[in-house]
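Hints given; two lone chains; assemble the complex.
Quick mapping for you: the protein sequence lines, in order, are chains A and B.
Residues 0 to 612 (numbering that gives the first Met the number 0) are what the first sequence spells out, left to right.
Residues 0 to 350 (numbering that gives the first Met the number 0) are what the second sequence spells out, left to right.
These are computed hints drawn from the structure, not numbers from a lab.
A virtual CB, placed ideally from N, CA and C, is assigned to each residue, including glycine.
All clues given are correct.
In silico DSBU-like links for lysine-lysine, alpha-carbon gap of 30 Å or less:
id, chain 1, residue 1, chain 2, residue 2
1, A, K256, B, K321
2, B, K333, A, K262
3, B, K192, B, K158
4, A, K256, B, K333
Sample of chain B residues facing chain A (criterion: CB under 8 Å; computed from the structure):
id, residue
5, A60
6, S79
7, G81
8, V85
9, L93
10, T94
11, A96
12, G120
13, N328
14, G331
15, E332
16, E334
17, C336
18, P337
19, I345
20, R350
Ranges of calculated distance between the beta carbons of each label pair, as one might list FRET restraints:
id, chain 1, residue 1, chain 2, residue 2, range
21, B, T145, A, Y413, 35 to 45 Å
22, B, H10, A, K251, 58 to 68 Å
23, A, A395, B, G331, 26 to 36 Å
24, B, E312, A, Q83, 48 to 58 Å
25, B, G348, A, G53, 31 to 41 Å
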Amino acid sequence: MPGGTISSVNDFVIRFANVNGSGSASANEMFARAVMRMGVPVSPRNIFPSNIQGLPTWYEVRVTEAGHLGARGGVDFMVAMNPQTFDKDIAGIEPGGYLLYDSTKPLPQSKFRDDINVIGVPLTAICNKEYTDPRQRQLFKNIIYLGVLSALLDMDAKVIETLIGEQYKGKDKLIGPNVHALHLGRDWALENLKCPIGLRVRASDKVGDRIFIEGNSAAALGAVYGGATVCAWYPITPSSSLADAFTRYCAKLRVDKDTGEAKYAIIQAEDELASIGMVIGASWNGARAFTATSGPGISLMQEFCGLAYFAEVPAVIFDVQRGGPSTGMPTRTQQSDLLICAYASHGDTKHILLFPEDPHEAFEFGALSFDLADRLQTPIFVMLDLDIGMNHRLCAPLTWDDTRQYDRGKVMTYEELEAGTDFGRYLDVHGDGIPYRTYPGTHPTRGSFFTRGSTRDRYARYTEEGGPYVDNVMRLLRKFESAKDIVPRPLIANAEQQTKYGVIYYGSTSPAMDEAIELIEAKGHRLDRMRIRSFPFHSSVNSFVADHDFVYVVEQNRDGQLRSLIVNECGIDPVRLVPILHFDGTPITARFIAKAIGDHLDQLKVKRKQAAS
Amino acid sequence: MTYIAKPKFHHPALPKNDLGYTHRDYEGTISTLCAGCGHDSITASIIEACFELSIEPHRVAKISGIGCSSKTPTYFLGNSHGFNSVHGRMPSVLTGANLANRDLIYLGVSGDGDSASIGFGQFAHVMRRGVNMTYIVENNGVYGLTKGQFSATADRGSKSKRGVINTDNSIDLAAMALQLGATFVARSFSGDKKQLVPIIKAAIEHQGAAFLDVISPCVAFNNHAGSTKSFDYVREHNEAVNRLDVISARAPIAVDYPEGTVQIVEQHDGSKLALRKLGADYEIHDRYAAMNFLQKHASEGQIVTGVLYIADEPQDLHTSLKTVQMPLNALGEKELCPGSAALDRINAGLR
Ligand SMILES: Cc1ncc(C[n+]2csc(CCOP(=O)(O)OP(=O)(O)O)c2C)c(N)n1
Ligand code: SF4
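Okay, chain B solo, but in the shape it has when bound (with noise of 0.2 Å):
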């Protein structure tokens, strides 16, 4: 297997973004996963959002671990720096080069093995930290690169394509984001992209942990009878608690929803997320009620997607460390060093 890359015909006729850009410059090589992954979608909806906000992609940084999952960051803005780290460690080199330039937006891509077995850790700590970056878990239930183990997130009592059954009690990890402090919160399905490509949007303008939990069937080794992660069992059990659709502080757009109840969530940096409400009572600012929510449901068989949870007040890492508003990376030798007269004065301390 190589790398391939794709032709780039610009059709004059595609459809530009502010900045110009056509949908062609949010991709990246063509896709080595099976045919009908879960994970070209999630690919498909990330390059949508990235074009609709209009992002210079060299201004993205997009880390991943190891896995099927962990591969997709090749296939899309490949015009941006990506690092395909170890497995389950994402999260603490995206920690790294966040600390290390704060003005470039940081994608995270993991998968269900990636974030809830081996890097289980990393992702709890992450959250809690307050990094500011999108983090995208591929959800499939399984370990799809290493053929179809199952992972920590797989239901207890599903079915493995080989017929064994699940005994183990399933990680949810929309559930964990929020009880580890994430600000953002929300849960999709892979085939659903309008639901999906303004939750990755909202998420991406979202000034902290924003944590999204993407189901995102796995063709090969888990998209049969039994399964809960397959395409039929989530467009089956899907409890969706909104649509939205972003309003960016940089590129506002009409919003127009006439039927049911919309909600207009403006976020910290000014861009605003209307919400319309399918749940009537959903209460989206309630981090308490969102787990209970979930879990409800959960025990009912139903899997809640949308936009979760979003605090008013979202955390960031440099905010608590009081870090310079200049990255880190571009401080010299004369911001940096204090020079041999300081030195002097603490050799003189030392004696």
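Excised from the complex, chain A in its bound form (with noise of 0.2 Å):
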């Protein structure tokens, strides 16, 4: 074969195309999980678009031994079960790469790449012959094709085995077909194929004490430990998952044993300026609410987002990004929502964001979240993207400490009134910018206040003044200073060596970062690095900068977001800061990054070359 094939142990990536409906999830998930359970580590992605019944969509393993969690770009081995998109995805298959698919009706050659391995299988008449029922068929082929890649792949069919039996639980009438099905697949491979291929899963230990699991649902139930009571959220994907989480959780892990009553409301709202009110109007209340959203939702918000900073109501809004602006790309990633969280809503805004790597970061920034908002009564926006929330993830263990006790910031008590304490709603009692609220209803005559987005005075009297405008937004600014000790400070690694060069990075691009780091270093370059994990920024981003001759800002979006925002908000010239933008609404890769980081420091190095002589 020109080019040669493809021969690697647990380091590859394989490609499933399938149709819409067809069943298939689950079959493909289950293959991801059997190489996890064989403990190897895997990276799947969801790659759908925007569609229903019917139309393409595709799962991506990327079978990682080393633990790369990021997307790899490139595609080893297709299992092609999709006609529609037949020949597009026998384009994407590397040189020597390995092609799956029904061999039932013969295609022509033509059809067929000659630098690549062609398995034909004949799936669907192994199916027909088996099975009469049209349903049947169609999902027991996608078992069946798990099984031939089992044989394939050398994988141990016992562990998938095991898989169907936790699959069904419950349902166990399902366990025994399922099981015959697989093995159908595999029999027919071992008897008709040259098993195994050159890709194979070999038994590892790389897995450790990890979990697998979406950012959404990590997120969804950081929202549960973290204590909220009130979620009103309105569908749009990528989110949605998120509230069917934590609706899940919750029915699971917060209903009276007892009475059967539920120590939370959900509510689907009517739409996003509905969601949000309700979240405000329980915040404002007392009760820990939030919404899940993305970015057109975002944009509906805007008036309301300014008015929960202004009159400073705590709000947590999950924000699962994906490709805009407008409809954009619905089912693809980016990180294009910075700057309208950041600042969203007319006037001079400036909101609390997040950016979770992961979804061990977005279970601790989800309940995290509540405490900043009830500190800083203020919204708090989770930065999450489609590519953290939407797909599985191998992650750390969540963990939750038992004596951790909920910060509900400066609420001031009935007893505190009773005592004579001066109350002003608007009062810089400590000089952090931080003034005391009461929830409503809590003392006869003390404490109570007016709410309202219109310019008020320290004791939240309605005035027009200039002077109590400006000593109130000035007052706001010190509480967003407060906010940059408490919220999670960027992490900082240094390259080996001493190097001028930094690069700063967030949320969902951190696995692959972290692989470009290694390609990068081993071209023989270094670079420092630091990821931001919060807005607003920590000092130590200003020092980061100024002890590099030049930081490379790498980022999902097509303008640089977080690069203005460092530019705005630190002072930095902008210079100073070479963006890396990968922007097409697939994950960013690592190839990607240390290419453009790679070629920037290239010609770098011939510049200097060429200045020296």
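This is how it looks when you write it as structure tokens:
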């Protein structure tokens, strides 16, 4: 074969091309889990156009003994089950890679490439012989190709059998037939194909105690643990599964066993305006409340975000970002809502943003966001994206400290009011810009106040005077300063040798960046790294930039939104921040980052040599 | 314009209610609305109703949108928390507040612009969800705060102050509330305190979504000949179906209606409404008949007032959601956080 055949153990990318609605999702996911159960890290991704039944969908699994969890790019093994995308799918295979297709109907040779390994399995024929029911034929076809793969890749069939057992626990009648289908495929492959092929999965011990979970589920669990009792949301991809997961977890964990009563309220609102309005109403009234949405929803929430900022009402907003602007690419990933969230609403506003890198942090920041919202009495945006939100990711187990107490912030109680403590809703008692509030209904004669979006004095009395207005908005700036000390700090990882160059990145870029650093270092370059985890920026962002000749800012949007925010908020010369931007809707890869930064550094070397000569 | 505190003279002879409170305890700051604005009369009626019901002012949350009408919560119940939110979105803020603490009394105040235009959607949804609240629309047919544009409740053919004829059909919010599932629907007139006060009392006592459309003339922009929301027009075209008295479960008062038929309507919480029927065959529990009645009279240029509909079984959002009796905002980490052991089990299931 020209270019040779790809041979690799525990390090390859397999992609499944399916028709939406064909029931392939669970078989494909089972494949990923089986590899993981064999102790080999995986990084799977759903790739699905914005469509419903009948259109194409892909599922990609990166098998990675080295534990690289970012997208790699390229496909080594294609399971091409969708005739509609067949040609495109074949074109995407790396030279020397593999194609598995349904050979029930013979295809002309012209359909194939001669630099790949073509494996035909008469899946439909096997199915039709075994099953008469059309739906069974459809569903078991997926399990049959899973069986074929297990043989081709030398996987342990027992592991998959166990998974089938777990999947159909409670519906035990389904276990036997599924195991049977698995072996139909496996036995056919062992009899008719050369097994195993060059790509293999070999049992290892690299998974450790890590868990396998989607970011949206983890964030929802964070909301449960963080004490959220009110969730108001409006369906939108890719955030809906966050509200769904919250609903599921609450039903399991927050229903009183004796009375059947729910210690939570979940409302599917009529739109995003209403969902954020409900969150603000609930938070004003002392409950912990959140909404989950995506870019178009954030756009609609603007006016309310300004109200919450100015009137100082807590709110938590999970923004699972997708490709924008407008409807953009609803099912593709981006990090392009930073600016709209940071400055949401008209007038001078600034909001707190958190950037979790993976499900583990989505959980942690999810829970933390409620403490921050209460402490700072302001909206908190948890900035997820589709890549974290809707894909399973291996991550450290979720942890909770049972001694942890919720930080409800500065809330004046009945006793304090009764004792005659001076209460002015917008008084800056401690000089940190954070005032006291009271919950409605606290005291018959003291501590009530009026919440409004218009100017007021320190005692919440309506006024249109410039002085109190300036006093108020300057205090809000002090509060934003105070936030810097309590939001998650950036993490710095220095190169082993001193270097003049740095890189800043955030959120879902993290795993690709980790891998890219290895590739960059392999080419002899050194980079110090800073992972930003929140906005406002900690002072270390300034010093990090100051300590380097220039700093790459890697992000997944067209306009370098984090870079703009750093330039704007830290007063940094834009020339010192080199944008590295990836925004076609696919997750950023290590290859992309390494190439873009590597090219830039190489050019610098050439320039420096030229200057020297 | 700045906040003007109202001087608190407590005349010893002021009448007191069961809690020992006087009217003064139910007032807010001095109104900055135009002298003679219907909204101020509604404010006075809310104060009277709360006084008569012996409500603890601080147990009320008053929430509004934006507009002259939405400013009024500042002018009553000065010891309550108030929230003047954004234009048209009072219902969502109130819904959230109600979810957080089911134990407070919720008064939503809005305007016809606020509710029938920009906030029409939220109005509809808060009614259909059955949020336990009293939703008062101070309906003047115009945008007062932005100086006299027609609102969506302005009748077709009515004339603006500048002489423009409204060519759009009007929205009847009471009819809409009936259709949307409100469990208490009434209409009244800011100039008819006798009718309005008991209606507000009944609405507050009602354990469900109570909607109240109050025609409230705007003296600055909509009180001229040709307007169908002027004082004179409403007085001349008012068709009251009933007058009522509220016999609260907490504070029973004697009723004595010598003439006309009197119908006692028992509320879910045990309070009783004594309705003196004016329209002899008016049936208070028939949602569809009420809709018919309203539309028929509207087509004849009549404004029907009174309690138009009361459901036997009011709906409450908390009941539908099966939420705990304890206010959600009172639950702490002990009740809410499943703890590390549960998390370990969850982790174990994710491998
Ligand atoms: C988003 C938004 N759009 C427009 C306005 C301007 N605005 C303020 S009050 C109002 C109309 C109020 O009318 P209505 O609710 O009928 O109250 P009224 O003043 O008549 O009592 C408008 C359009 C606003 N505040 N916010
Ligand atoms: S403008 Fe009209 S609605 Fe506004 S305060 Fe004046 S009279 Fe009342």
